[in-house]
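2 protein chains.
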Amino acid sequence: MRPLKRYIPQETARRLSLYLRSLKMLDQKKKAVASSGDITRFLNVSSVQFRKDLSYFGGFGKRGVGYEVRLLTKEIEKILGTDAVRRIALVGVGKLGSALLSYTGFPEFNLQIVAAFDADPDKIGKIKRGFKIESISRLREVIKKEGIETAILSVPVESAQKVAHELAKCGVRAILNFAPVNLTLPKDVFVSNVDMASELEGLIYKLKRSKV
Amino acid sequence: MRPLKRYIPQETARRLSLYLRSLKMLDQKKKAVASSGDITRFLNVSSVQFRKDLSYFGGFGKRGVGYEVRLLTKEIEKILGTDAVRRIALVGVGKLGSALLSYTGFPEFNLQIVAAFDADPDKIGKIKRGFKIESISRLREVIKKEGIETAILSVPVESAQKVAHELAKCGVRAILNFAPVNLTLPKDVFVSNVDMASELEGLIYKLKRSKV
Chain A
26 MRPLKRYIPQ ETARRLSLYL RSLKMLDQKK KAVASSGDIT RFLNVSSVQF
76 RKDLSYFGGF GKRGVGYEVR LLTKEIEKIL GTDAVRRIAL VGVGKLGSAL
126 LSYTGFPEFN LQIVAAFDAD PDKIGKIKRG FKIESISRLR EVIKKEGIET
176 AILSVPVESA QKVAHELAKC GVRAILNFAP VNLTLPKDVF VSNVDMASEL
226 EGLIYKLKRS KV
Chain B
26 MRPLKRYIPQ ETARRLSLYL RSLKMLDQKK KAVASSGDIT RFLNVSSVQF
76 RKDLSYFGGF GKRGVGYEVR LLTKEIEKIL GTDAVRRIAL VGVGKLGSAL
126 LSYTGFPEFN LQIVAAFDAD PDKIGKIKRG FKIESISRLR EVIKKEGIET
176 AILSVPVESA QKVAHELAKC GVRAILNFAP VNLTLPKDVF VSNVDMASEL
226 EGLIYKLKRS KV
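The listed protein sequences correspond, in order, to chains A and B. Residue numbers for the first sequence follow my numbering, beginning at 26 and rising by one. Residue numbers for the second sequence follow my numbering, beginning at 26 and rising by one.
Treat the hints with care, since some could be wrong.
Which copy? The list can't say, so a pair holds if one copy fits it or any two copies do.
To be verified - Below, in silico cross-link-like pairs of lysine to any residue (SDA-like), each with a Cα-Cα straight-line distance of 25 Å or less:
#, residue 1, residue 2
1, Lys120, Asn218
2, Lys153, Val58
3, Lys157, Pro181
4, Lys54, Ser71
5, Lys212, Lys233
6, Lys55, Glu36
7, Lys55, Gly196
8, Lys212, Arg234
9, Lys77, Val182
10, Lys236, Arg112
11, Lys56, Val182
12, Lys231, Asn207
13, Lys187, Leu232
14, Lys157, Gly130
15, Lys120, Gln137
16, Lys169, Leu210
17, Lys151, Asp63
18, Lys55, Arg165
19, Lys49, Leu96
Calculated from the structure, these hints are not laboratory results.
Could you put together the complete structure from these sequences and hints?
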């Protein structure tokens, strides 16, 4: 079934990601057909919500039969746009950037890091976790050459805005930002924030407060 | 100045984390005294907001002089509870867990991973990124022995709820959850979610949608 070209609420897209992960897990367990209950079991999402979410796209399951795991996986990947491999750049090979370079889970999202950049002359040209670190001065050149539209931003907080702006100027359209700062960018550049630092500190603060 | 024992809004706590990082950066640059403008420059937070946030605790700066960087750092750390080293456990040494074990930035938050757990017999007993991987069956024993109250949860989505519940039973009071699932836990257990996977997928989805 072809996805309807209509607006999907962000929360629905988020849940579709969850279903996708659940489906991949079921596939790993050699399950060919699954019920809505099987798919939502570990997600704290109800079967009703699941069916409602899928109904945005016309619905895929057969009543009383269930969902074909691989077929539904493919359909949701198409909807989410994760069906084609995307080449991404990682900018900022500090502590967090290095850990991200060592993260082997990106291919599961059909993401492939193809370039890593840093501004530190001591790092440029070195190999880190299998990636050759490029000078940030080559950002435009490499991004154009590699056809990169998506970037991971893991530079220090004081450079984040400047580098993000530069990425946008080079044609990057989506940034996964790990710097704890609200980036100001043109409207056609999408930003998602993963602020591990603030989440950690927020958690510790709640822990402390509970003991006061 | 002693922090007043009163409720601080979550958003304020979050901004305090940002100020802290900015202050540490200024200290690295050997700046002893800084203005509110210096501290907020790269944060997309106004000086007015900064002063308002500090006013919760009585205010620290001197008008026309500025803030003593190290003093303010210490005070904010005290407020946030990051002034003492916390021993944490990492549970789930898969792709993401391994990357997190290789992240060398935790000490900056006064966090120290002291134990890593997994359920996979092939991993148990092995050394990964300098950590010996313990069997998850030893969770209670090790957590008690090490006095651990905080855990990083990086297990697969289907085990997350069960393991989180187990952690809570062992006395863990704060969980940084990387599994893309909403955990249901007793009210006295704090959870922060870092859902890199969904953020990534959400970003790609927005990118795709913009081209339809």
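Taking the hints in turn, this is what the structure says about them:
Proximity of Lys120 to Asn218 under the C-alpha cut-off of 25 Å is found in both arrangements, the shortest distances being 17 Å within a copy and 20 Å between copies. Proximity of Lys153 to Val58 under the C-alpha cut-off of 25 Å is found in neither arrangement, the shortest distances being 42 Å within a copy and 37 Å between copies. When the C-alpha separation of Lys157 and Pro181 is checked against a cutoff of 25 Å, the pair qualifies only within one copy, where the shortest distance is 20 Å, while the shortest distance between copies is 31 Å. Taking the closest pair of Cα atoms, Lys54 and Ser71 come within 25 Å of each other only inside a single copy of the chain (22 Å); across copies the shortest separation is 52 Å, beyond that limit.
For the homomeric pair Lys212 and Lys233, the shortest alpha-carbon distance between copies (15 Å) is at most 25 Å, but the shortest distance inside one copy (39 Å) is not. Taking the closest pair of Cα atoms, Lys55 and Glu36 never come within 25 Å of each other, the shortest separation being 29 Å inside a single copy and 45 Å across copies. With identical chains, the CA atoms of Lys55 and Gly196 are never at most 25 Å apart, being 41 Å at best within one copy and 36 Å at best between copies. Taking the shortest alpha-carbon separations for Lys212 and Arg234, only the inter-copy value of 14 Å comes in at or below 25 Å, while the best intra-copy value is 38 Å.
Proximity of Lys77 and Val182 under a CA criterion of 25 Å is satisfied inter-copy only: 22 Å between copies versus 40 Å inside one chain copy. In this assembly of identical chains, Lys236 and Arg112 lie within 25 Å of each other by CA distance solely across copies; the values are 17 Å between and 47 Å within a copy. For a Cα distance limit of 25 Å, the shortest separation of Lys56 from Val182 across copies, 17 Å, qualifies, whereas the shortest one inside one copy, 45 Å, does not. Proximity of Lys231 to Asn207 under the C-alpha cut-off of 25 Å is found in both arrangements, the shortest distances being 23 Å within a copy and 18 Å between copies.
When the C-alpha separation of Lys187 and Leu232 is checked against a cutoff of 25 Å, the pair qualifies only between copies, where the shortest distance is 22 Å, while the shortest distance within a copy is 35 Å. For the identical chains of this complex, Lys157 and Gly130 are neighbours both inside a copy (19 Å) and across copies (22 Å), given an alpha-carbon limit of 25 Å. For the homomeric pair Lys120 and Gln137, the shortest alpha-carbon distances inside one copy (20 Å) and between copies (15 Å) are both at most 25 Å. In the homo-oligomer, the alpha carbons of Lys169 and Leu210 lie at most 25 Å apart inside one protomer (20 Å), although the nearest pairing across protomers, at 47 Å, exceeds that limit.
Taking the closest pair of Cα atoms, Lys151 and Asp63 never come within 25 Å of each other, the shortest separation being 47 Å inside a single copy and 33 Å across copies. With identical chains, the CA atoms of Lys55 and Arg165 are never at most 25 Å apart, being 44 Å at best within one copy and 33 Å at best between copies. Taking the closest pair of Cα atoms, Lys49 and Leu96 come within 25 Å of each other only inside a single copy of the chain (11 Å); across copies the shortest separation is 51 Å, beyond that limit.
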